[in-house]
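K.L.:
Going line by line, the protein sequences match chains A and B.
According to the numbering used here, the residues represented by the first sequence are 1 to 322, in order.
According to the numbering used here, the residues represented by the second sequence are 323 to 600, in order.
Be a bit skeptical, because a hint or two may be false.
Derived contacts from chain B toward chain A, CB cut-off under 8 Å, selection only [unchecked claim]:
id, residue
1, His335
2, Leu422
3, Asn423
4, Phe456
5, Ser571
6, Phe582
The set of hints was computed from the structure by calculation and includes no laboratory data.
Even for Gly, the Cβ is constructed at its ideal location relative to N, Cα and C.
The primary structure of each chain is shown beneath.
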Amino acid sequence: MNAQTVQTPDKAGLYKGMEAVANKTFKGRWNAPLAGYLFIAPWLLGFLILQLWPIIQSFYLSFTEYSLLEPARWIGIKNFQDIAHDRLFFNSLKVTFLYVIASVPLKLLVALAIALLLNRNIRGISFYRTIIYLPSLIGGSLAVAVLWRNIFGLNGFINQLAIWVGIAPKNWIGTPSTALGTLVLLTAWQFGSSMIIFLAGLKQIPSELYEAASVDGASPLRKFIRITLPMLSPVILFNLIMGIINAFQMFTSAFVVTNGGPVNSTEMFALFLYNKAFGSLQMGYASALAWILLVIIGIATALNFIASKYWVFYETETEGRK
Amino acid sequence: MTGAHNKQNWLVHVLMIAFCFVMFYPVLWWIGASFKSTPEISLPTLFPKVWLWQNYTEGWMALPKYTFTRFFMNSLKLNVATTIIHVISASLVAFGFARLNFPLKGLWFSILLMTLMLPGQVTLIPQYTMFHSFDWINTYLPLIVPSAMGGAFFIFLIVQFIRSIPRELDESAKIDGCSWFGIYLRIVMPLTLPALITVTIFSFIWGWDEYFGPLIYLNTVDKYTVPLALRMFIDSQSAVPWGQLLAVSLLSVLPPVVIFFLAQKHFVEGIATSGLKG
Numbered sequence: 001m002n003a004q005t006v007q008t009p010d011k012a013g014l015y016k017g018m019e020a021v022a023n024k025t026f027k028g029r030w031n032a033p034l035a036g037y038l039f040i041a042p043w044l045l046g047f048l049i050l051q052l053w054p055i056i057q058s059f060y061l062s063f064t065e066y067s068l069l070e071p072a073r074w075i076g077i078k079n080f081q082d083i084a085h086d087r088l089f090f091n092s093l094k095v096t097f098l099y100v101i102a103s104v105p106l107k108l109l110v111a112l113a114i115a116l117l118l119n120r121n122i123r124g125i126s127f128y129r130t131i132i133y134l135p136s137l138i139g140g141s142l143a144v145a146v147l148w149r150n151i152f153g154l155n156g157f158i159n160q161l162a163i164w165v166g167i168a169p170k171n172w173i174g175t176p177s178t179a180l181g182t183l184v185l186l187t188a189w190q191f192g193s194s195m196i197i198f199l200a201g202l203k204q205i206p207s208e209l210y211e212a213a214s215v216d217g218a219s220p221l222r223k224f225i226r227i228t229l230p231m232l233s234p235v236i237l238f239n240l241i242m243g244i245i246n247a248f249q250m251f252t253s254a255f256v257v258t259n260g261g262p263v264n265s266t267e268m269f270a271l272f273l274y275n276k277a278f279g280s281l282q283m284g285y286a287s288a289l290a291w292i293l294l295v296i297i298g299i300a301t302a303l304n305f306i307a308s309k310y311w312v313f314y315e316t317e318t319e320g321r322k
Numbered sequence: 323m324t325g326a327h328n329k330q331n332w333l334v335h336v337l338m339i340a341f342c343f344v345m346f347y348p349v350l351w352w353i354g355a356s357f358k359s360t361p362e363i364s365l366p367t368l369f370p371k372v373w374l375w376q377n378y379t380e381g382w383m384a385l386p387k388y389t390f391t392r393f394f395m396n397s398l399k400l401n402v403a404t405t406i407i408h409v410i411s412a413s414l415v416a417f418g419f420a421r422l423n424f425p426l427k428g429l430w431f432s433i434l435l436m437t438l439m440l441p442g443q444v445t446l447i448p449q450y451t452m453f454h455s456f457d458w459i460n461t462y463l464p465l466i467v468p469s470a471m472g473g474a475f476f477i478f479l480i481v482q483f484i485r486s487i488p489r490e491l492d493e494s495a496k497i498d499g500c501s502w503f504g505i506y507l508r509i510v511m512p513l514t515l516p517a518l519i520t521v522t523i524f525s526f527i528w529g530w531d532e533y534f535g536p537l538i539y540l541n542t543v544d545k546y547t548v549p550l551a552l553r554m555f556i557d558s559q560s561a562v563p564w565g566q567l568l569a570v571s572l573l574s575v576l577p578p579v580v581i582f583f584l585a586q587k588h589f590v591e592g593i594a595t596s597g598l599k600g
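Bound-form chain B, shown alone (with noise of 0.2 Å):
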């Protein structure tokens, strides 16, 4: 029995070798090519004769005025700035829904949970307008303050949290003679922590790669985030570097794959706990 067992675990192991092997080919491919000329992009080898280091020095430097740190930067700024928003706003508003009593909370809950499926172009234009009103067309306003607003699946990820807290201790709490207040900062909050660490992985994640909003609100190049600053490098020059390209391209992504692998596994269960995204 335990023999058939272990032939079939080997079966797997070679299936998910091999599958995986596949799904990660382009990635090998993206950090070779990244080393390698733009002719030797296009010959059918997965690694560079000769490393070319270069293309990531080059890279780096290869848009006028500004290199990339400055897009680095602005990414980082605008990242740290919106999931610490998140983060906050998030957790006071899942507190609200998850422990406190008021009229029509029922309705507002249905209604967040709604806003989930509601598609970002149809508030696209009015915000558009409305930000545009307020002469915030090229700041970080109208990226930053929507997260004011918590963002409805983290207040859905925190009030699962939240739920699973026995009610009990801030009911004590509140027979001591502490606030609300006091006891979503004293009580719930600390408890909250994985889920408020789940939160501030995703919010930095998505923000990072974020190329809409940035894409209509922000027109100069000082302001751009990398993604923006990637668009640029791809269309200003007629033939691409590609190996520049590629190089600074995958210096892009290693932000979100690192926190990725630092906090795993909140993340792998974040996912599984409501994975509304992806």
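Only chain A is shown next, with the shape it has when bound in the complex (with noise of 0.2 Å):
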């Protein structure tokens, strides 16, 4: 890499950099206290307004009936109460873990996968790079989950596919059993951000371990459970933290290829709440849905991170290899 690319941290985690930034960057005294607050004002200011208010009245409205005609109306925990007994909720709920549970792995898996057979001095690989890129790119559009609706239908070209290997044709978005996996498969399809992110940190890991291991006999294998994974656990990690928060935010592809049916089978949580907030203008409840989503996020991402001190290496003597 030359000075004039992105400079990469030292592993790609979000903590790593926070970390770095911290130590580096976050020593000495005030020399612009002023300044500072004047640099970071349209920052600052955009999270005081729209993100840190807007959090505690979402709070405040999770315990109100509103619908944005009429003042919102305090009902305490009401609207707790009525998720407690709505089917939907756990319906939505239902949906929501299981296309996190089968799309995030599968995504990642298929990114390493890639990544470590492109992890070597091979002619074309930005060629492989750019087409393995190219659904990431487009897959969050509506255009795109216009073609999965078309690709999937009952005349569609999986259909075609499923008639020339001789398996009876289905409708696969029509049915409840296999319309949450259409979407799952266009979320692996996209896997080619992370695949990069993978990319890098694989490069990252210092060829001395490889050459040591190797005069010492290891195979391929071995070298694998022993050097690779842990030296990438970190960035697994990271992919894995923001593969899991985005899907559970998982809306447009819902709301285009299925919208939320059959039956209710792809009704996301994100998709849910939008139908509550703007379908029916109960805003209340879906400010309580909203609410949920942070915690079960929040309590997600706290026990990746405790479940990280088990699987994820650091390198902390050795800080700094390139």
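Work from the hints to combine the two standalone chains into their complex.
P.N.:
Right, dumping it as structure tokens:
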């Protein structure tokens, strides 16, 4: 890499970046108390007005009945009581968890496998990278949701393939048991950006480690388990956490490809929330749902960090190898 | 040794080409289908017998009142505005965090990073009511104004980049009597150019695909962005003219794809640096 490229942090992990920035730049005295605040003012004001205040407000709204047309009316914990009896809420929770559990590992496994395959000096790597990245580039767009709807539709491409292989064609999107699967595939198809992060992580593993292992006569599998996986584990954690956070909020594909159907089999949490807020104008109820989502994502992230103590390996003494 | 190595690389190429073909097949099929008639789309062929170029022209004009020219222009105007604002704000804020020391800086920076994990749904409804009370519904303001905060991801990306620029440069400028703003504008900004390009690309591409914001804030067709217009296209006809729809959809993903090809290097490295999305 030359000076013209964006510098890659030691490990692509967010927490690593946080730590590095804290150590390197936050030392020393305040050299510009006023100018500092002037420079960060755009973000700080935006944070206070467009994020912090709305978060507090939505917490308040979650205890009210609010339809936008009339002022919010305090109803205590009734929203949460109603949610606890809402079959559609539990359905959306189940669908979202299924989707997260199926799509995130699938996407990461494919990304890791391809990154391992590409992590060698072969020609044409930028060509492969481009092809593989393309779905990530367009995958979140409405256009691809349209494409997916057609491909998995009754007369779609997948059924042509099914007939050709000798499987009975079916309406993949219109069948409750397969509809969610089409969305999982759409997500896994966009593994390119995770793959690029894995590839960057693999490039940072010092080659001396492999050379030393070769001298000791280690098999490729052993090298993978003993060197690659531990050295890559912070990047895996990072991809895992970001993948889970994004998956919990998945909206566009569920909205356009299946619109939550058939029989609510793809009604993801974000879609359920949207329908409550903007479909039936139950803003208080939807705020309660948003807070539940925040808590779920918070718990999932915390669990990931706690579990990471047992499987993520940090170079503590030999920091700074490139 | 090299012979075995070459053989191995051949195997990798064969695997990769096969894999890329499978990955890319939906896109190939998409291109073919965009030229097909509706009955032909459900035939097991990749390319049509007769290429219907009129799918593109008819699809472009399929919606009543406005052609897709209008929707592309709307998307373009909106995204150019948000992108410029993102770049300016994010670079100012990033300079502040990377170079200046002020009280509570560590706290604010940690909060900034934490907001990356904040689900948008939590701020959605109060933001909506706030913009509603400003009478901003059905204008572009709710979509443009929030970009003035710079975007946590973009700020983080530029901070990381500024850290790699030697501090001696701005310290000597400081001794020469340059103001902080002068240092930002004359020294750090020009050196951060690669990061600013990355931010420009990301901001434009993600903005182009953005569906949810326009969906809730825009409600008259004349202001629709491309994704909203596509959605209307699906809903407006009882029998979807798939050929036309796929043709216009294909055109709608072209701007991000073209930008990606033009600036691939920055893009890939930008993702590798922080990769917080997708």
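K.L.:
Now tell me, hint by hint, if it's right for this structure.
P.N.:
Here is how each hint holds up against the structure:
no.: 1; hint: His335; verdict: 7 Å, holds
no.: 2; hint: Leu422; verdict: 4 Å, holds
no.: 3; hint: Asn423; verdict: 5 Å, holds
no.: 4; hint: Phe456; verdict: 11 Å, violated
no.: 5; hint: Ser571; verdict: 4 Å, holds
no.: 6; hint: Phe582; verdict: 5 Å, holds
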